[in-house]
Every structure is written in C-alpha cells, then in structure tokens.
Amino acid sequence: MSDTQARLSQAQTCPEDVLREITHLLEVADAASCALACRNWLLPGRLRLYSSVHLDTSNIEKLGLLLHTLLKIPDVVLPLVRHICVVYERTVPNNVLNDLFSWLSGIQRAPRLLSLTLTLKSYDFEFADTACGIIPALTSLETLALTDRFVDLAQSPGRNILALLSGPALRRASLTFGAPSQFHTEQDVPVGVTWLSLNIGDFPSWLPKLATPSLAQSLTRLDVTASVLKHRHKILIEPLRRFQRLTHLVVYTTVGGSPLLHEVVGHLPALRALYAGEGTWNTEMIDALPGTLHSLWLEAAAGLPGARLGDGHVENLAKRRLRALALVCKRPGELDSIQEIAARYKMIFRLMHKVPLDMFDSRLLM
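Using UniProt numbering, read the sequence shown as starting at 1 and increasing by one per residue.
Errors might be hidden in some of the hints.
[What the hints assert, rightly or not] With a cut-off of at most 30 Å between alpha-carbon atoms, the simulated BS3-like pairs for lysine-lysine come out as follows:
1. Lys72 <-> Lys121
2. Lys72 <-> Lys209
3. Lys234 <-> Lys209
Please keep in mind that the hints were generated in silico from the structure rather than gathered at the bench.
Could you build all of it, start to finish, from the sequences and the hints given here?
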C-alpha cells in the first residue's frame, strides 16, 4: 500500500480488525481503495459508519451482513451509536431474526443513544414484546418514534403504553395508532416529553386516552394528524383544552375536517404558534386567538365559506403584529383576493398552493 518501506502509510498502521471491516465493504479491495478509506479512519471513520444504524428487513442480504458486523464488535459499535432505525417485516430467516433480536437486546448498553425509530410493517408480537422491554431501559434516549403497527401490538393486557415515554432524557415522541383495542392508561406515568406527534388515523377516540395529567403538564408542543375529522371532531375539543401549557399546536387532516379550533385556542393561554389544517378552523377562531400568538399557518378549506378571510379578519390579524403568517390556498382566485386585502393593511402573507413539506419541521413554528 506504500511505494517505500521507509515510511509506512496510514493503511499499513491501521489495526487489522479495522482493515477487515473496510475490505469487507469494498467491492474491489485494492491497495489504493484501502489506503484512501483508511485515511484518518480510526475514530471519525467508525463514527460515520456506526453513529447511525439502519436495519431494514426488506434487504435480507444487507441486513445479515450488517448484523454480523454489529454483533462481532459490540464493544466498538455500541459506544458510537447515536441513532437507530428499524424497519421490520416478519419475512426474514430465523438465523437473521435471531441476530436482530440479539443485537436489539444489547442496545441497552449503548451509553449515548439519542434516537430510536421502530417501524413495524407486519404483526409480530415477539418483536413488539422485545422492543417494549428494551425501550424503558434506554436512559439516554431523547427521541422515540413508533410507527405503523407497533403501537397496535404494544397494547397488550396489563401494559401501560405511556411507560414507553417515561425515559429520563426523552423529550420528543411520535406515535402512529391503528384501530383502538386494549389501551391502558389507568395509572398515570410521570413523563418528561415536551413534543408529542400523534397520527390517529380514522380514530380520534385515541386523543382522550392520551390526555393524561402527566402529559398535560409536560407537553409544550402537540402535533395531531388525522384522516377525516368530519362529524367526529367534537371528541377532540375537550382533550386539546387540557394541554394548557402548549406553546405550539399542529392539527392537520389528510382529507378534511370540521371546525373545532375556535373552541380550543381560547383555552391555551401560552400558545405562540398554530398550524390549522384544512377544515379545522373558521373565522371565529381568528377572534379567539390568544394574545401570545406570534406564528399562524392556515389551510384554506375548499367549499367552507366560514374559513374565508375578509377585511375584518385580516385587520384583526394585522393588529396582532404576527412574526409569521402563512396561508395555504387551494381554491382558484383565493391567492389574489388575500393579497389584495393584505396590501391594504401592509401585511405580508406567505402564500402557498400546497401543504409545505416541512410542516412538522422544528423550525416551522418557532
């Protein structure tokens, strides 16, 4: 790997186990490739390789090779792991499945693990039970995301799913819910989560079960995504009112909803930022907004006259001196109308034709 024996290259002084890791991953393990890969390898190279671990059962060959490496050098990998993402579907051979469970059981010894995402594509109680036993022991975890069918399977008799949110360092959590089954929150669990994202799909009845005293006390941001809220929106009003410490609220529907936020925002005295999804607001909400609000996003709802802004409502918004104001317009002509009205009051709207991709970005509602 070097043209002279008088001066050893970094590749030649690299430990043998690290070289094996590199050559195993290189398609053509020639000297030039190894020398290039070994440059400044030891700490920064391993950190780049192992700080974020993505395990996906859709590629069995890649998953098997990665698990082989992770299990072979746990003392090297675990101190470096910061982020883990698992996409799981019960279509893997038993030997790979055993390796996956074995490695997941060992992540409790990862001292600096910051985020964990578990996406369960098919029903597998063994995987859910294994994960539910691991998560509470991850004391350094700051962010947790449980998506697809995971929460469905976590609802076993006697298990309080909110215990998964009780980690001492956990501050942000994201949960996706399916059809309600056995959901136990009878015993409130102390939590420190400040930002909770909920995808309740077609089942708004989830929210009342999650509006526990501990969450109401800890949350400062709540994101709620639902499929359709029409005719079932009232079940959300009382639970949302309980989160009186909220500074940021997102209520978004993928299809549409019925106005409900005009009955909620007046009960949130600390609210600073609001994203009101299509159909969830009307002009009554404009008058009910608390004086603390400085950032407002509104989705214009097609066919709902009550959500059309007139001169009086824009004047109301102008008096508030908002730092950020955006309108997602979906009706032809709405943009021109709002721009004309806003110009009279020297206001600046951020006007958009579709929902922003960064809707749930932490910077959106700062």
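The hints, checked one at a time:
no.: 1; hint: Lys72 <-> Lys121; verdict: 28 Å, holds
no.: 2; hint: Lys72 <-> Lys209; verdict: 43 Å, violated
no.: 3; hint: Lys234 <-> Lys209; verdict: 15 Å, holds
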